[in-house]
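Chain residues, written in single-letter form:
There are 2 protein chains.
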Amino acid sequence: MSKLVVVGTVAFDKIETPFGKTDKILGGAGTYIGLAAKKFGVDTAIVSVIGGDFPEEYINIFKERDINIDGLKMVEDGKTFFWSGKYHNDMNSRDTLDTQLNVLADFEPIVPAAYKDSKIVMLGNLHPLVQLSVIEQMDDPELVVLDTMNFWMDNALEDLKKVIAKVDVITINDEEARQLSGEYSLVKAAREIEKMGPKYVVIKKGEHGALLFHNNEMFFAPALPLEEVFDPTGAGDTFAGGFVGYIAKTEDTSFKNMKNAIIYGSNLASFCVEKFGTERMLNLTDQEIDERLKTFKELTQFKISLD
Amino acid sequence: MSKLVVVGTVAFDKIETPFGKTDKILGGAGTYIGLAAKKFGVDTAIVSVIGGDFPEEYINIFKERDINIDGLKMVEDGKTFFWSGKYHNDMNSRDTLDTQLNVLADFEPIVPAAYKDSKIVMLGNLHPLVQLSVIEQMDDPELVVLDTMNFWMDNALEDLKKVIAKVDVITINDEEARQLSGEYSLVKAAREIEKMGPKYVVIKKGEHGALLFHNNEMFFAPALPLEEVFDPTGAGDTFAGGFVGYIAKTEDTSFKNMKNAIIYGSNLASFCVEKFGTERMLNLTDQEIDERLKTFKELTQFKISLD
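Residue numbers (the UniProt record's numbering), protein chains in the order written: chain A, 1 to 307; chain B, 1 to 307.
No lab work stands behind these hints, which were simulated from the structure alone.
There may be inaccurate statements among the hints.
The list treats identical chains as interchangeable, and a pair is accepted whether it falls inside one copy or across any two copies.
Taking lysine-lysine pairs in the DSSO-like style, the calculated list, with each CA pair at most 30 Å apart, reads [unchecked claim]:
{"no.": "1", "residue 1": "199", "residue 2": "3"}
{"no.": "2", "residue 1": "195", "residue 2": "275"}
{"no.": "3", "residue 1": "3", "residue 2": "294"}
{"no.": "4", "residue 1": "205", "residue 2": "303"}
{"no.": "5", "residue 1": "303", "residue 2": "3"}
{"no.": "6", "residue 1": "297", "residue 2": "205"}
{"no.": "7", "residue 1": "14", "residue 2": "188"}
{"no.": "8", "residue 1": "199", "residue 2": "297"}
{"no.": "9", "residue 1": "294", "residue 2": "195"}
{"no.": "10", "residue 1": "256", "residue 2": "205"}
{"no.": "11", "residue 1": "116", "residue 2": "249"}
{"no.": "12", "residue 1": "256", "residue 2": "297"}
{"no.": "13", "residue 1": "119", "residue 2": "195"}
{"no.": "14", "residue 1": "195", "residue 2": "297"}
{"no.": "15", "residue 1": "275", "residue 2": "86"}
Using the sequences provided together with the hints, build the complete structure.
Now the structure itself:
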């Protein structure tokens with residue numbers, strides 16, 4: 001079992017979907033990634049920043065699950081990062097209603113000394129220079145995974161390219177892959193992005209699943225078709241957390257094992273969307289994950305023998 | 001090996017894509033379905049209608065492949081059905097530039113006597129009453145598969161519901177499934193459509209693959225991610241032709257075997273889009289199909305053993 005360092009926001013989210021709305025609840029990429037990775041029993045540290053308004057109750061969520069928060073800095077006189085969004089009826093698009101960076105504006109990540117030798121690093125969506133700083137603090141990681149967004153392509157492309165050049169895996173959605181590469185075909189887009197540095201490219205297509213590319217190899221995992229998507233918030237981060245968590249647990253960074261990691265990422269993400277925020281992830285049992293793996297097998301596995 | 005009856009248009013298409021444009025070329029749902037099904041060596045009859053303008057050269061395409069055309073009626077003084085369309089840059093949407101029904105307007109399908117005992121029937125997209133007439137001419141088919149479009153939902157919904165009530169499998173795209181069922185979730189949509197008659201519902205999502213539903217079972221086949229989609233015309237019909245062709249060849253209408261049929265449908269459709277019109281299907285070899293099956297396995301199959 002490898003140790004895992006996760007950098008990403010720990011935040012307040014206020015969410016509105018056709019099914020209802022929440023008050024300020026626990027959210028953030030670092031939160032979702034950490035909770036998902038911890039499902040594999042991996043020794044996980046979250047590096048992030050919160051304000052004095054962050055409740056003890058949320059801190060205990062990490063503590064109770066034995067997620068290391070030595071790198072979770074509290075700025076007593078600051079306020080926690082806040083995001084508010086409203087999903088459209090199709091759940092595939094959303095409007096950001098409010099973003100308050102607060103303590104995130106001056107965030108300088110510090111990787112705890114005991115985790116500098118972690119073999120797996122997950123860089124959640126943040127300013128590319130913050131992501132870069134985490135890489136530079138690590139001793140000799142085996143696998144660095146980067147998640148990012150179109151916002152940084154629009155506003156910090158040169159910094160983003162610097163960090164992309166230093167990672168092994170990038171996870172990105174289909175539109176972002178097209179924007180970054182200038183190619184419409186996702187096969188061509190992945191090839192262009194591989195030229196920028198990452199040996200592995202994961203393209204997330206939301207309800208249409210996820211693709212993994214490496215040289216001339218390709219793997220695809222569908223999203224589980226659900227009766228109801230209740231709240232998509234955090235699904236992409238939960239996918240990434242499942243992906244790195246499984247790799248850290250198995251200590252196997254081969255393409256073949258990454259296929260399994262992609263399946264586990266999809267598996268966990270399919271739970272995440274069943275309830276608001278982190279609610280479903282907090283109650284999720286190992287048995288439920290195993291049961292859903294069977295569902296994924298039934299959904300995708302077939303037996304054809306050629307004559 | 002079961003005999004297969006296919007009803008569907010045999011047509012002229014004029015196609016424009018970002019890669020170029022064609023003159024009037026061979027097209028039509030019946031053509032694509034028949035060519036795909038014949039790849040499995042199935043004894044296949046196409047029931048359709050053409051005008052006196054339909055060239056010998058195209059008729060020979062069917063004859064050379066031993067596709068029965070006793071039910072392909074030629075109206076000497078009529079003109080063949082014509083469709084012209086232009087694809088947008090993303091290849092996912094298209095504008096119809098021209099539709100000339102011509103001889104299709106008065107089409108009354110006649111199933112050849114030697115094929116009335118066929119066990120498998122594929123009803124390509126046509127007026128629901130034409131599709132119904134074919135069902136009524138059959139002795140005792142084991143599996144009737146229906147393809148349809150939103151056009152008939154808008155213009156002949158009651159007739160469409162009559163034929164839907166009589167079929168075993170319906171193939172339909174995602175937007176059409178939502179329109180027909182009034183449900184946004186495809187899981188719920190499939191359940192509603194099953195209540196209308198079909199025991200199996202296939203939802204085609206274009207570049208995002210296809211889903212097969214039956215009671216509480218689900219199966220998903222991705223579309224093969226391609227460097228270039230050259231011309232999507234006929235992909236859905238080729239998918240359907242591969243699906244019924246494989247079932248007719250294997251004489252197995254179980255859900256388990258339908259999974260394989262869905263994979264073969266996706267396999268053939270991935271070739272169809274590589275060239276304009278039927279060009280790629282006409283040159284496709286068995287070896288290429290087998291090779292691509294391996295690609296589909298690599299794309300989707302994984303091995304996870306639980307501790």
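Hints, one by one, checked against the model:
Taking CA atoms no more than 30 Å apart as the test, residue 199 paired with residue 3 passes inside one copy only; the shortest distance there is 21 Å, against 49 Å between copies. With identical chains, the CA atoms of residue 195 and residue 275 are at most 30 Å apart between copies only, with a shortest distance of 28 Å across copies and 39 Å within one. With identical chains, the CA atoms of residue 3 and residue 294 are at most 30 Å apart within one copy only, with a shortest distance of 28 Å there and 36 Å across copies. When the C-alpha separation of residue 205 and residue 303 is checked against a cutoff of 30 Å, the pair qualifies both within a copy, at 26 Å, and between copies, at 23 Å.
For the homomeric pair residue 303 and residue 3, the shortest alpha-carbon distance between copies (24 Å) is at most 30 Å, but the shortest distance inside one copy (37 Å) is not. Within a single copy, residue 297 and residue 205 get their C-alpha atoms as close as 20 Å, and across copies as close as 20 Å, so both meet the 30 Å cut-off. Taking CA atoms no more than 30 Å apart as the test, residue 14 paired with residue 188 passes between copies only; the shortest distance there is 28 Å, against 37 Å inside one copy. Taking the closest pair of Cα atoms, residue 199 and residue 297 come within 30 Å of each other both inside a single copy (27 Å) and across two copies (22 Å).
Taking CA atoms no more than 30 Å apart as the test, residue 294 paired with residue 195 passes between copies only; the shortest distance there is 27 Å, against 36 Å inside one copy. Proximity of residue 256 to residue 205 under the C-alpha cut-off of 30 Å is found in both arrangements, the shortest distances being 21 Å within a copy and 27 Å between copies. When the C-alpha separation of residue 116 and residue 249 is checked against a cutoff of 30 Å, the pair qualifies only within one copy, where the shortest distance is 18 Å, while the shortest distance between copies is 59 Å. When the C-alpha separation of residue 256 and residue 297 is checked against a cutoff of 30 Å, the pair qualifies both within a copy, at 16 Å, and between copies, at 13 Å.
Taking the shortest alpha-carbon separations for residue 119 and residue 195, only the intra-copy value of 24 Å comes in at or below 30 Å, while the best inter-copy value is 53 Å. Taking the shortest Cα distances, residue 195 and residue 297 sit within 30 Å of each other only across copies (26 Å), while inside one copy they are farther apart (33 Å). For the identical chains of this complex, residue 275 and residue 86 are intra-copy neighbours only, at 15 Å inside a copy versus 42 Å across copies, given an alpha-carbon limit of 30 Å.
Checked against the numbered hints above, the structure breaks none of them.
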